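Enquirer: Chains as they are written, first to last, in my numbering: chain A, 2 to 380; chain B, 2 to 380.
Just so you know, the hints here were simulated from the structure itself, not pulled from any lab data. Hints may contain errors.
Given that identical chains are not distinguished, each listed pair holds provided it fits within a single copy or across any two copies.
[To be verified] Straight-line alpha carbon distances no greater than 25 Å define the calculated DMTMM-like cross-link-like pairs of lysine to aspartate or glutamate that follow:
#, residue 1, residue 2
1, K235, D285
2, K83, D106
3, K309, D368
4, K83, D368
Fair warning: this is a prediction, and the values are worked out from it, not measured in the lab.
Next come the chains, spelled out residue by residue.
2 protein chains.
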Amino acid sequence: RKPSKITWDAADAEKSGFPHFMLKEIHEQPQTILDTMRGRYSYETGEADLPDIGLTPKEFAAVDRIWIVACGTSWHAGLVGKYLFEDMVRTPVQVDIGSEFRYRDPLVGKRDLFLTISQSGETADTLAAAREAKQKGARVVSIVNVVGSTLARESDGVLYTHCGPEIGVASTKAFTAQLTALYLMALHLARVRNVMKEADGKAWLDRLVRLPVLVESVLRREAEIVAIAKRYYKKRNFLFLGRGINYPIALEGSLKLKEISYIHAEGYAAGEMKHGPIALIDRDMPVVVLAPRDRLYEKTVSNLMEVKARHAPVIALVAEGERELGKTADAVFTIPETHPLISPILFTIPLQLLAYHIAVLRGADVDQPRNLAKSVTVE
Amino acid sequence: RKPSKITWDAADAEKSGFPHFMLKEIHEQPQTILDTMRGRYSYETGEADLPDIGLTPKEFAAVDRIWIVACGTSWHAGLVGKYLFEDMVRTPVQVDIGSEFRYRDPLVGKRDLFLTISQSGETADTLAAAREAKQKGARVVSIVNVVGSTLARESDGVLYTHCGPEIGVASTKAFTAQLTALYLMALHLARVRNVMKEADGKAWLDRLVRLPVLVESVLRREAEIVAIAKRYYKKRNFLFLGRGINYPIALEGSLKLKEISYIHAEGYAAGEMKHGPIALIDRDMPVVVLAPRDRLYEKTVSNLMEVKARHAPVIALVAEGERELGKTADAVFTIPETHPLISPILFTIPLQLLAYHIAVLRGADVDQPRNLAKSVTVE
């Protein structure tokens with residue numbers, strides 16, 4: 002494998018005028034997403050160019066099944082990856098939590114691609130999972146941020162997220178960089194396995210390269226999120242609802258709020274609400290609904306009406322130009338139009354900002370939340 | 002398929018002296034587990050005998066992959082099924098939420114076994130998933146309680162849970178009957194696919210037939226759970242932690258509490274705590290820990306110590322004869338010793354009782370929780 006160098010230094014790790022590292026890192030995302038894509042695709046051929054990926058196109062073509070194993074926020078990225086790969090690559094994906102994978106004699110085989118995701122590359126449970134998969138003969142590829150980390154060194158291939166050091170304990174820019182890496186990897190797999198044509202690869206790249214600008218446009222509307230945070234920051238419980246590829250983003254939005262504001266927030270697949278959790282709903286539990294304009298839109302609106310009927314304050318993230326939900330929800334934030342598979346990054350940004358501003362309003366120590374370490378290097 | 006008759010009548014649906022249907026149904030479980038097993042196994046051959054299962058042993062042997070799709074509590078049973086089948090049958094299992102499965106053009110194939118689980122047999126999302134799987138050529142087998150329900154009629158094979166009518170909206174006896182059916186099915190698959198020897202099949206049956214007596218012994222200690230409920234019923238947030246095959250039971254325990262007491266309870270894979278949720282922990286959030294004596298025991302103890310260090314009240318469900326956790330936890334309930342794969346049913350019982358007694362102490366309407374319907378026949 003070619004050596005790769007990431008150039009970052011101490012100055013990058015300063016707050017650059019932001020009150021917290023977390024907010025600085027949230028605002029770096031247009032750049033870090035761009036950096037993670039840069040030089041890794043070819044418009045001419047509609048392909049991703051991932052020289053350190055470790056497997057030849059022929060080896061990728063022979064893969065029977067894909068595993069993704071990770072912990073915490075990286076696990077949420079892995080769940081997005083499942084929807085992405087199954088849709089784009091048409092190959093079954095099994096996603097597992099690092100600490101769960103290790104202890105069940107998993108059915109990993111020699112024809113499996115084993116993908117792990119970890120910002121630090123030192124997450125103990127993920128590292129142990131990678132070692133076990135390797136021992137069982139699987140090829141291991143890792144999406145990692147820290148160059149030269151143990152996971153990067155021990156994997157057959159690496160896809161680095163080029164997002165620089167992440168100081169805030171609650172992961173933000175590392176998460177969207179992981180998603181960006183997954184988009185590149187899905188494109189790579191789809192093209193080398195011949196399930197995506199050149200023209201579709203180009204169309205996919207067209208969408209990807211627009212992401213930094215779209216993320217920037219969301220960040221410029223931070224004041225709207227501040228206003229929403231001010232209305233609801235005193236609530237002690239939240240629900241986050243999503244469907245399909247944005248279900249993991251509901252989990253991630255709730256995890257951010259848990260981590261830094263100590264609010265008991267929980268993410269749910271929207272369709273599961275009526276199987277129990279809706280009993281919880283009352284005027285003291287704001288519900289954040291992720292509602293992209295896709296084939297599930299009508300279902301999501303119907304879930305929302307049920308929630309409204311139980312008097313919960315509803316915060317809706319909706320596609321631009323959407324009116325129906327706008328009339329029903331108590332607070333609305335619009336998300337720029339994009340392909341449904343790419344929408345998770347755009348839904349993530351306002352949820353990061355919401356968690357951040359609620360935590361600040363509650364007087365919590367955003368960059369050093371209680372009880373948490375940046376990388377979990379113990380089991 | 003042979004017609005099968007379930008004999009129940011209106012008298013069975015009365016409360017028989019219990020203050021609520023839910024409590025009556027919790028106490029029926031030794032009988033309903035027995036009824037679900039009765040006549041469905043052969044000690045002589047160490048096999049399950051499931052005449053309505055719809056597939057021949059040869060067809061089962063040809064299965065490439067198993068899907069389990071369900072909603073709510075039945076989905077939790079499906080998650081237990083995944084651990085069970087992967088361990089006993091050594092075949093990969095994909096578990097999906099009904100409402101999530103339908104909308105992602107899933108990779109179901111002709112060599113797949115598609116298992117659905119629904120008490121009513123009318124759950125809209127599960128039914129639609131079964132129809133889609135059938136259309137894609139998969140063989141559909143359903144675990145259903147209501148005889149002649151739509152799902153039962155439309156499936157290639159049925160495994161009825163013989164637990165009688167369930168009136169309480171929060172499912173209890175139907176859940177443990179579903180688990181019992183999954184144990185029978187795992188045994189059947191393991192034997193017809195030749196991954197389990199006759200002697201091991203017999204040993205497995207030995208453990209299964211002891212279940213009703215063990216469940217009865219847990220129910221006789223209801224007063225211990227009442228005492229725990231009295232100490233913590235005023236808390237507004239709970240966490241439930243489990244690992245491996247008992248992780249879904251942590252989800253189910255938290256769902257029961259949500260449904261009938263309106264407490265915001267959340268289930269978590271214990272190993273994920275340090276990746277975020279531990280920030281939530283303080284003296285106002287009791288943590289219920291499921292700690293069977295298995296190879297994960299030491300890890301679970303270590304998770305528990307972290308929680309204790311953050312001053313959370315800890316309610317530990319531990320294996321009989323266990324002392325270490327007993328000294329650390331604030332409340333302890335012991336679970337009779339059994340095989341780790343069978344322990345989920347035994348862990349479920351005290352969690353049902355805990356949810357019930359907390360709800361009663363809070364004055365909630367246990368049998369008719371707000372906002373919930375018994376069967377979700379709309380999407």
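Enquirer: Failing hints, ascending?
Expert: When the structure is compared with the hints, only number 4 turns out to be violated.
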